[in-house]
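Colleague: Sequence lines, in order, name chains A and B.
Position one of the first sequence corresponds to residue 6 (this note's numbering), numbered consecutively onward.
Position one of the second sequence corresponds to residue 1389 (this note's numbering), numbered consecutively onward.
The reader is advised that the hints may include incorrect statements.
As the list claims (entries may be wrong) - The calculated lysine-lysine pairs, modelled on DSSO-like cross-linking and capped at a C-alpha distance of 27 Å, are:
1) B:K1419 with A:K30
2) B:K1433 with B:K1419
3) A:K95 with B:K1566
4) A:K95 with B:K1596
5) A:K58 with B:K1413
6) A:K116 with A:K87
7) A:K116 with B:K1413
8) B:K1596 with A:K101
9) B:K1419 with A:K33
10) B:K1601 with A:K85
11) B:K1596 with A:K85
12) A:K33 with B:K1427
13) A:K67 with B:K1433
14) A:K95 with B:K1601
15) B:K1413 with A:K24
16) B:K1601 with A:K101
17) A:K24 with B:K1419
18) B:K1492 with B:K1627
19) B:K1492 with A:K101
20) B:K1513 with A:K20
21) A:K30 with B:K1413
22) B:K1566 with A:K87
23) A:K20 with A:K58
24) B:K1550 with A:K67
25) B:K1463 with B:K1627
26) B:K1550 with B:K1471
27) A:K85 with B:K1566
28) A:K87 with B:K1419
Hints are computed from structural coordinates only; laboratory data are not their basis.
All values reported here derive from a predicted model rather than from experimental measurement.
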Amino acid sequence: MHELSLAQALIDQVKALLKDYDAQKVIKVSVEIGPFSGIVVDSFEFSYYALIKEEPQFYGSKLEIITPPAFYQCPFCGRKFKEDELDRDKRCPFCKDSFLTPLGESDILLKTVEME
Amino acid sequence: MCEWCGCGQTDSHHDHGHDHSDTSKIIELNKSILEENNKIALTNKEHIEALGAVGINFISSPGSGKTTLLQETIKRLKPDNIKIGVIEGDIETQRDAQRIREQKVPVVQLTTGGACHLDARLVHKGIHQLEHQLEENGLNLLFIENVGNLVCPASFYLGEHKRVVLVSVPEGSDKPAKYPKAFIDADLFIISKIDLLDYFDFSIDEAKQEALKLNPNLDIICLSSVTGEGIDEWISYLKNLLHKN
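Chain B with its partners taken away, still in its complex shape (with noise of 0.2 Å):
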């Protein structure tokens, strides 16, 4: 029997499109094709240990509020003496890095180029440009802002210590159940601009139900970065993260 396809025939060398040459050899792995990424998220999650730091990977569609909502935690987190850094991650420009560095915060762009995630290797090289920028008494916060983008950036673990989803109200509740590899990898689920409740037809509770049925342990919080409810609740949870550290 030909062990390859286990088709019965017992003639070994019957035509299967491929050869079974007598050199040939199959070795068994068993093992992920994101290792590599995953060895270098490690070694990142080390590093921003080393400087003192929790990281956290932001992941949503483009135009959910990340960068509004990072703005405004900024704000929020600095009169707590509080130091923050950003990583932003983007296809082109600066203009997120930007609005961040007007907040005064050492802040790195990495433009991907056309890739639709950042990867571990890629958040290395944007950890040491951010080195250079920290002062002395370093960092108590790292935020990663991905690539705008439900799907790819969650394959890819950056050695964040917690992962962050957010889906705004404009884009629908049914996004958990759409995009579930998104939210099963997430530790928080945030869902923003809630003062647009009124304009369209998005049930907080079947987006809850949705992602707590993907991942029963997610936390959730709702929020508006412009009229500031549900903010609290979030500087909490990053102040809790910082007391565990």
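In isolation and in its complexed conformation, chain A is listed as follows (with noise of 0.2 Å):
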């Protein structure tokens, strides 16, 4: 569960935030967790709910969450497909290759806050 650590990072980063630019309040916060980032969507956003019942400036706040899709690259043709793109043993549909590579971000991002 280091979904509970991450938006307890978040928590605090918003906090700074608040403090620099005078406000009071936040109103929403949107991040983009990548696909390969191991981070359970679900998990997080209970995490940021349960933590911020003990942050005033957080009450009524909206966590926006948004999942860039993964996409696989084929080496032979270089066409990138989505999962469900691909056949239905995970190969290229074109070159029924499976050495298929992986892209897309593993990183977690803190894009907007919305704050008043």
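Both chains are sitting in their own frames, so use the hints and assemble them into the complex.
Modeller: If you want it as structure tokens, here you go:
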């Protein structure tokens, strides 16, 4: 459950921003979780809403999570596919090659914060 | 049009479940949530270098043989006068530290008290504690044995120079495909307990291929701490790191 530590890190970062911008209240926090980050989106969301119960400046705030899809690139034809576009054996639907390279972020980014 | 959600409605104060009050502001950041951790990790790296050492972060599931491999490694490197320090991460107990202490090398046990991974802040503390145990002649190799877990530790950079991920034969060769993050950011993949290959349905080729798909620059070593097979390769890998330093 490293999602709890990450949600806490997010809240700490946003709290520092509130101070920097002299704001009182968080309205919306937007994060992007990469497909290879190893982070469970539901657990992260659960952790955020559990932790802000102790943070009056976050009461009523909304957490938006953007999850860009992973792509898989065929080394032979160079085409990129989403997971559901691969064939049943997870191969390139054109070349039938299974040695596909996964493409996608493995980070978790704080994109925007709306505050007042 | 409401710029926030791009819904196309001209009334900017319609209900999204959040208000667009006149006093609110939107700040664009695009920065990693792990930034604070990564900053501390970089100071850890400087600290390890100031001690004269190379730092290695060991990641694997529980029971894949991290501590046993460390014990073997210490035995093999001690006669060459290579000075080793160990930071042990576990949820509870001093057991791993005790096993390392028996080899008479400086060791610090970090108990996370429930957390499933080490983070840079904990390791920062660990390095300071270890420093007190060091003799004047410093340190060459610092092993950080992470909490046994193939998922969470992968997200936290600790300031190491090399990240080593271990998978043992009984765990199965599908682990790289199932736990990609641990392999994407690793430098070396060790397949351990290869003395058990005859008893398990483990394909070294599959494990290697899956791992290289995720990370084409990954070095791979197969070894057994029990029979000693492959240990020479691992020891030369370590000695190489020291020379480069």
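Colleague: If a hint holds in the structure, say so; if it does not, say that too.
Modeller: Do the hints match the structure? See the list:
no., hint, verdict
1, B:K1419 with A:K30, "holds (21 Å)"
2, B:K1433 with B:K1419, "holds (21 Å)"
3, A:K95 with B:K1566, "holds (14 Å)"
4, A:K95 with B:K1596, "holds (18 Å)"
5, A:K58 with B:K1413, "holds (23 Å)"
6, A:K116 with A:K87, "holds (23 Å)"
7, A:K116 with B:K1413, "holds (14 Å)"
8, B:K1596 with A:K101, "holds (20 Å)"
9, B:K1419 with A:K33, "holds (16 Å)"
10, B:K1601 with A:K85, "holds (15 Å)"
11, B:K1596 with A:K85, "holds (23 Å)"
12, A:K33 with B:K1427, "holds (26 Å)"
13, A:K67 with B:K1433, "violated (37 Å)"
14, A:K95 with B:K1601, "holds (14 Å)"
15, B:K1413 with A:K24, "holds (14 Å)"
16, B:K1601 with A:K101, "holds (16 Å)"
17, A:K24 with B:K1419, "holds (18 Å)"
18, B:K1492 with B:K1627, "holds (20 Å)"
19, B:K1492 with A:K101, "violated (55 Å)"
20, B:K1513 with A:K20, "holds (24 Å)"
21, A:K30 with B:K1413, "holds (11 Å)"
22, B:K1566 with A:K87, "holds (18 Å)"
23, A:K20 with A:K58, "holds (14 Å)"
24, B:K1550 with A:K67, "violated (38 Å)"
25, B:K1463 with B:K1627, "holds (14 Å)"
26, B:K1550 with B:K1471, "holds (17 Å)"
27, A:K85 with B:K1566, "holds (21 Å)"
28, A:K87 with B:K1419, "holds (26 Å)"
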